[in-house]
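Chains as they are written, first to last, in our numbering: chain A, 37 to 340; chain B, 152 to 395; chain C, 145 to 248.
None of these hints come from the bench; they were simulated from the model. A couple of the hints might just be wrong.
Unchecked claim - A short, non-exhaustive set of chain B residues, derived as facing chain A with CB atoms under 7 Å:
| hint | residue |
| --- | --- |
| 1 | 193 |
| 2 | 220 |
| 3 | 236 |
| 4 | 240 |
| 5 | 243 |
| 6 | 248 |
| 7 | 340 |
Ideal placement from N, C-alpha and C gives every residue a C-beta, glycine not left out.
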Amino acid sequence: MKIKRVSYFEANARARIAALVDEGSFAEFCPPELRHTSPHLARLDAPVAFDDGVVVGRATVAGQPVLLAAQEGKFNGGAVGEVHGAKIRGLLERAVQDKPAAVLLLVDSGGVRLHEANAGLIAISEIMRAVLAAQAAGIPVLALVGGSCGAFGGMGIVTRLCDEVLMSEEGRLGLSGPEVIETVKGVGEFDSRDRSLVWRVTGGKLRRALGEATALVDDDVASFRAGVEACLARPAPGRDAIDDLDVLLAAQDKLQRRRATLADARDGLDVWRSTGFPDPQAVPMLTAESFNQQLAVVQAEVRS
Amino acid sequence: MSDVAVFDRLFGAGGHTVEISGHLVRGGAQVAGRPVAVIGTWNAAAVDGDLALAVSAAVLQVVAEDAKAGATPRPIVFIADTQGQELSRREELLGLNGCFAHVARCVDLARRRGHPTLTLIHGEAVSGGFLAFGLVADRVCALPGAQVRVMDLRAMSRVTKIPLERLQGLAKDSPVFAPGADNYWRMGAVDELWPDTDEGWDERLAAALAAVASAPEGDRRAAIGAERGGRTLAEAVAAAVRDA
Amino acid sequence: MERFEIKLPAVAAGVAGRTALCGVVSSGNLEVLVELGDDPASCTVEVNTSAHGFRDIWEAVLTDFAARHPAGGLRIAINDAGATPAVVSLRLDQAFETCRSKEQ
Chain A
37 MKIKRVSYFE ANARARIAAL VDEGSFAEFC PPELRHTSPH LARLDAPVAF DDGVVVGRAT
97 VAGQPVLLAA QEGKFNGGAV GEVHGAKIRG LLERAVQDKP AAVLLLVDSG GVRLHEANAG
157 LIAISEIMRA VLAAQAAGIP VLALVGGSCG AFGGMGIVTR LCDEVLMSEE GRLGLSGPEV
217 IETVKGVGEF DSRDRSLVWR VTGGKLRRAL GEATALVDDD VASFRAGVEA CLARPAPGRD
277 AIDDLDVLLA AQDKLQRRRA TLADARDGLD VWRSTGFPDP QAVPMLTAES FNQQLAVVQA
337 EVRS
Chain B
152 MSDVAVFDRL FGAGGHTVEI SGHLVRGGAQ VAGRPVAVIG TWNAAAVDGD LALAVSAAVL
212 QVVAEDAKAG ATPRPIVFIA DTQGQELSRR EELLGLNGCF AHVARCVDLA RRRGHPTLTL
272 IHGEAVSGGF LAFGLVADRV CALPGAQVRV MDLRAMSRVT KIPLERLQGL AKDSPVFAPG
332 ADNYWRMGAV DELWPDTDEG WDERLAAALA AVASAPEGDR RAAIGAERGG RTLAEAVAAA
392 VRDA
Chain C
145 MERFEIKLPA VAAGVAGRTA LCGVVSSGNL EVLVELGDDP ASCTVEVNTS AHGFRDIWEA
205 VLTDFAARHP AGGLRIAIND AGATPAVVSL RLDQAFETCR SKEQ
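Just chain A, same shape as in the assembly:
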């Protein structure tokens, strides 16, 4: 029987959840019929969504209880406003009580919702604190990045706070969007219409090669699910594993050395070359499986 591939990129938030979790296991918190909509959007006479663009709830994955939040990238660019942000923060705070096997953040967002600017910025900083608090309580927080908005702005920072970052090549992870950089610094600095370039700078394979993403999967909800199951099957890291002073000193050192090693890098090709990929030009065309195989080889060579 041929199983139909469900593109994670194309699916909306609810479809991603449905395909990711054990069938029938999802229960939504603050469902749309409660109408927690944004008064700020209404005041600006902009359309609202009954769930304010993020679906939160609990479910099981491979039988293990999880809490999850899925941002709807097609609503206002998945951007974070007061209500939207509060739903995510509440979910992370709930995790400290419920103690699920993990919190899954299906990130698909450009960051702060400008229509609610200050509320959005503060909400994201509250989400950051809540991720850190959940981790301090021993709960892994996993980020899934594979939607059309990617993970940018403050949600790009939240994503990198997570224990694991699962990306497809279609996903993008960064801080400032290419359009903003082009507008301020000019097309020579970053041609935002050069899609290949945008993906070489912020896409899944680049992030995986740098270690910013911890797994590269196919643009297929089943691949994301398999990646999540693999994370859940690993023993939860001791809290010290991520927060310890020595771990952070090592992370500091790694980040500093990366900047020195890649001092002249301006393109993913430079990163793949530096990492040791035999044919950097061919990397964008590799399947996730081939990429992961090659990456494993170059990493083994580094270790030996």
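We have chain A already, so just place chains B and C on it with the hints.
What follows is chains B and C alone, placed relative to chain A:
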């Protein structure tokens, strides 16, 4: 006010070793007779990876020194003066978002190791640069003249396609997107707005650090925002999700 | 945004469904929330739309929907960002089917 004058007002002339090199602030001081570390950004810094990692290195050094000496964890006074993140293709490639996350994690480590953390906003505090460390501290005070915002209203108008005049009009009575430290106070993210006087900064600083020491644990900003009327939904919605 | 409510006579389904949501509020699209209402002989639809002046078209599309499905006893709420009548019809059908597929 000259650079030196700010730190003299906070810590007493001759009573501190705070230095500015480029856009980085570093040093030590005494507040109410106890040593504090001072770390931050200066002069509307556009925070790039090097500056972010300099801030995080400074935080880790404070934590490591006090741990090694078995000393009482020093308070860390963060100075936030930033125009936001550096806009650069290279910084994006190298993962500036990851550097900011690392800074935030280091500040959180300091807090959990018992270091009281306090942010003083000087000049501007904008967007990503402010998120990385300023908004992660236990308490935030805005020095006189401090500006806090997500984005220039003009740029916001371009991106949202809402006319500038409309945004300016709405900004008049909505704290939600009008720039301003007072709005952030109303929304619960800024704890103190220091009055525009030259006197008493050292006392205010001592009181702010004492408030950090006696504050209950946890992030109370949404509840405070509800009390002050600036954010009426955030705490209620989060509570609804927690209790659902 | 334009907001109005339309009450349609409708045939009751005779079975209970459950709340359902279909669609996304993006340009040219809409979300449809279907809930159980009070009156088995009618279907009430609340429309919030960014496209002004099309109430008569909404009446026609919704009347057609109520004629195609036993929508009695349902309450529908819509957030619309400029969808065409064809997309509106499709989304209504999807929401109705989802509601029915969750029935006891």
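Verification of the supplied hints:
no.: 1; hint: 193; in the structure: violated, 21 Å
no.: 2; hint: 220; in the structure: violated, 14 Å
no.: 3; hint: 236; in the structure: holds, 6 Å
no.: 4; hint: 240; in the structure: holds, 4 Å
no.: 5; hint: 243; in the structure: holds, 5 Å
no.: 6; hint: 248; in the structure: holds, 4 Å
no.: 7; hint: 340; in the structure: holds, 4 Å
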